[in-house]
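Participant: Please work from the sequences and hints to get the whole structure.
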Amino acid sequence: MKSDNNMMSGLKNLSERREIWVALVIVILLTYLLISRGVPIIMTIFIDFAVFAIITMSLNVEVGYSGVPQFGRVAAVIAGAFAVGAIPGRLLAMYMGLPFGLDYASDAINFKIVPQINELLASSFLLSVGFILFSIIIAALSGAAIGWLISRPAIRLKEAYLGISLLAFGDFLMWVGHNWSGLVGGSVPIYVPDPFRFFGGNRFTVIVMVIFVIAVLIYFYLQKVVHSPFGRSMRMIRDNDVSAAAAGIDVVKVRTQSLVIGSALAAVAGGLYVIYTGTCTAFGFQKLTWTFWPWAFMMLGGIGSNVGVLLGVFLLTILRTMIVIYRSQWFGFLMAVGIDPLWLEFTLLGAVIIGVILFMPHGLVPERIEPMLPGKNVKKIIDRRQ
Amino acid sequence: MAPWMASGLIYSSSLALLAGSITIINITTRTFNFAVASMATFGFYIAFTCVELYGGYPYQYYPLVALFGSFLGLVCYFGLNRHLLRRKAADITLMMSTLGYDLLLLSFIQMYVDYLSFTYRLFPRRVTMNIYDFELFGVRAAAIILPIVALAFLVTLHIFLTRTKFGIAMRATIENPVLAGASGINSDRVYMVAWIIGGGMASLGGAFMAMAITGTPVMGMYTIPLMFAGAILGGLNSLYGGMIGGFLIGVTEYAGVFYLSQRFGPWVQGYRMAIPLMLMAVTLLFFPRGLAGIPLGKVWRGLTGKKRGASL
Amino acid sequence: MLKINNLNSGYGKLQILFDLNIDVPEKGITVVVGPNGAGKTTLLCSIMGIAKVFSGDIIVEDKSLEGETTHNLAKQGISYVPQMGNVFAELSVMDNLQMAGYLTPKAEANEKAESMTEIFPVLKKFIKRKAGTLSGGERRMLAIAMGLMKKPKLMLLDELSTDLAPIIAEKVMMEVARLRDELGITILMVEQMAQRALEIGDTAYLLVSGEVRYAGKADDLLNEPQLCSMYLGIKPEEETIADVEKPPLKGSE
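One line per chain: the protein sequences are A, B and C, in this order.
So for the first sequence, the working numbering puts the first residue at 1; every next one is plus one.
So for the second sequence, the working numbering puts the first residue at 1; every next one is plus one.
So for the third sequence, the working numbering puts the first residue at 1; every next one is plus one.
Hints were generated in silico from the structure; no laboratory data involved.
Since we're looking at a predicted model, the values are computed, not measured.
Hints may be right or wrong, so weigh each one.
Stated by the list, open to error - Mimicking EDC-like on lysine to aspartate or glutamate, the simulated pairs with C-alpha atoms at most 20 Å apart in a straight line are:
1) C:153 with C:175
2) B:165 with C:114
3) C:13 with A:239
4) C:52 with C:68
5) C:151 with C:108
6) C:3 with C:26
7) B:88 with C:68
8) B:165 with C:108
9) A:158 with A:250
10) B:165 with C:111
11) A:158 with B:91
12) B:88 with A:239
13) C:75 with B:188
14) C:125 with C:138
15) B:88 with A:159
16) C:27 with C:182
17) C:217 with C:202
18) C:52 with B:188
Facilitator: This is the structure:
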């Protein structure tokens with residue numbers, strides 16, 4: 001027992017150290033960028049981080065905790081994005097007496113309507129806040145619906161088959177959005193009303209803060225979930241669904257719930273994203289960015305560890321941004337032969353995935369095997385029995 | 001032959017090769033090779049580059065295309081796959097590793113395409129390979145040549161797998177790797193050959209596909225769900241099944257779009273990918289492990305009256 | 001011929017064998033018996049590089065087998081006939097034999113295949129049939145034939161008699177004895193049909209829960225009534241069919 005404790009605390013120290021090192025590297029990079037490039041870059045990094053942190057944490061719920069090969073993450077993001085692109089604006093348009101049917105999304109009309117809506121939003125703090133809350137709720141609901149939809153086949157299909165089906169589903173939703181012009185404009189992007197316009201010049205700052213705070217809240221929420229009985233059920237199912245069922249866990253229900261939660265969260269990120277960019281278009285949601293990058297973030301950070309996920313997102317987001325900023329300085333030799341260094345983003349993505357699989361399969365911050373009860377509780381029980 | 005039929009034949013032949021590639025790598029190494037996407041795109045760009053720079057028809061460069069594809073396959077095997085197999089990695093890890101490889105290749109393709117545009121003043125971002133074709137009996141030559149090549153591939157592979165010692169050894173390793181090892185068969189070599197064949201088929205399939213649809217750097221990424229659908233439809237236990245499944249998926253898409261758009265209007269065109277995907281979804285609904293449940297071998301033998309034979 | 005020193009092995013993280021010491025003398029039959037789950041198959045798999053060796057040595061003719069791949073061991077003349085999955089069900093009998101003769105040059109392999117069909121006429125009858133369509137006994141014949149194709153110096157046999165009708169099992173046992181007597185092959189044999197195996201065997205090991213409980217001459221083990229009845233289900237007083245119709249024991253006639 002005693003040697004076990006020593007080993008546990010030894011291991012704890014080791015993994016804690018890694019988190020700290022990575023966090024240190026992140027802080028150093030951020031400081032460097034702050035000094036050399038100023039605040040706007042840092043803000044961009046923060047908002048990219050916030051959005052993708054939410055998405056990657058949602059992926060972690062499904063992959064890391066429930067063991068679902070979710071290669072269709074983009075589907076839930078799209079669900080939230082389209083919901084926010086299509087509905088809140090239409091409701092306000094209806095209220096204002098403007099076209100709110102299929103016309104709303106047509107390219108001839110949309111760009112005329114949305115500025116008027118924006119004026120209305122800019123005039124009322126309450127309305128703006130209400131718009132934001134409503135968007136989040138409706139995004140979460142559509143995400144939850146998608147999650148529920150996905151859970152039906154997720155029960156029957158296994159591993160790679162499920163992964164491929166989810167991948168295809170994500171693509172399919174993108175095509176629907178691209179072709180059905182009545183939804184979100186089809187191939188022409190539509191504008192999304194901007195509830196942050198109320199803050200005038202500080203718009204960017206406020207939006208970064210809001211989304212960042214939401215990401216943090218979601219982190220704490222998920223930590224609670226993970227340490228709850230539901231979280232334990234998820235992990236039991238991930239490790240061995242037959243044993244879990246034998247232990248009395250309703251495997252189907254738990255899997256469905258985790259898919260619903262994961263998809264709802266991803267959808268919220270999608271909804272926030274279109275509010276931030278002010279536009280919504282199907283082709284803006286490619287699986288490369290919205291499924292594969294989150295996978296890389298999660299794998300680097302450590303599947304099953306939310307802290308690891310956050311570190312992974314931060315680190316890689318900074319690296320991606322740095323490629324963009326320094327592309328002419330570092331990669332001038334590429335540009336000399338006409339090659340755009342931005343493609344290196346994919347090289348980085350592929351290299352990270354391969355590197356993690358080969359050398360660090362558990363990621364930067366491996367999932368800790370946590371005992372069900374804290375050590376001191378166990379001691380108390382043992383003492384009581386004696 | 002209507003133009004859509006010609007395109008359909010070409011497209012289906014390409015999917016036959018691509019689904020076959022996925023299948024052969026999967027049944028030997030348990031790996032769902034995501035990198036077929038970029039291997040296919042590479043194949044197309046090799047053909048394109050050669051035709052643009054050296055003239056002639058795409059067909060004459062196909063051996064080079066296949067060779068390059070095999071090379072890409074070998075790199076994946078020795079650099080990545082073999083290591084993971086030795087580590088007894090899970091199927092999903094194997095697939096993810098090929099995803100990483102695919103993204104690496106994709107970045108190289110994009111950079112190569114930039115380089116081509118800049119250095120040679122070409123326009124490789126949207127390519128219609130049709131223009132390099134000639135006419136045969138009143139149709140595009142590709143519509144006749146390519147299905148024949150695909151069929152030749154099928155026949156050659158059949159002969160290889162049933163009549164040659166190494167081919168039989170491959171089937172033995174697929175069925176029972178332990179017994180195969182005890183018989184002295186080097187499984188390492190079997191897997192290597194699987195990647196060589198799979199890689200070659202993938203690149204060749206990509207070169208074929210560019211004759212039917214617009215060639216872009218993301219052509220492979222765009223059609224990868226269909227390639228997987230073909231392999232799954234064919235049931236991941238038989239190379240023939242894979243090739244036939246791929247071909248069927250292609251036919252379903254083209255014929256499906258044609259008839260449905262006649263019936264419901266041209267908007268169906270936008271959802272063309274959904275039709276074969278729906279087929280795959282329905283298949284998986286009733287056979288969660290693909291058509292592996294249906295003993296294709298028995299059906300085939302029943303149809304042709306043959307008595308002997310193994311399932312490949 | 002084969003020496004195993006302090007072997008600890010298993011699968012993944014599960015240890016099955018604990019500190020095993022086994023000595024297989026040349027040109028003899030060494031029998032390994034024991035109850036289910038004792039680790040008998042794991043022993044053979046450890047030698048063939050299929051199970052994971054945690055520690056210990058496996059030495060054949062003064063050469064250590066550490067780190068060798070399965071197919072290299074086959075190359076070196078060690079033949080393994082598994083209990084399950086002992087033929088390629090999807091391949092024809094002919095193809096099976098061809099695969100078994102994978103390492104021998106074609107002409108010689110064909111010759112050997114011919115002689116196999118002489119020894120086991122049933123194989124000749126089904127030469128083109130898929131091996132999976134053969135009955136249990138026929139499959140085991142094919143498996144033994146496959147094991148012989150390599151001209152092995154050491155044969156590892158895993159429970160050849162399982163699932164066989166007693167008469168056929170008897171025939172198989174006699175074949176194994178013949179392999180030693182006429183071809184001089186060293187045999188390490190895991191058996192469920194303990195009594196008969198011990199009768200034809202020279203050396204014996206009793207394996208229980210991954211450990212050796214008895215090591216010595218096969219005859220001597222048969223004369224340990226306690227061990228026999230506790231682990232091998234042999235009641236020495238009762239007559240068995242084998243007693244009544246016992247073919248000549250080794251060494252006589």
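Participant: For a quick check of understanding: which of the numbered hints are violated here, in increasing order?
Facilitator: When the structure is compared with the hints, none of them turns out to be violated.
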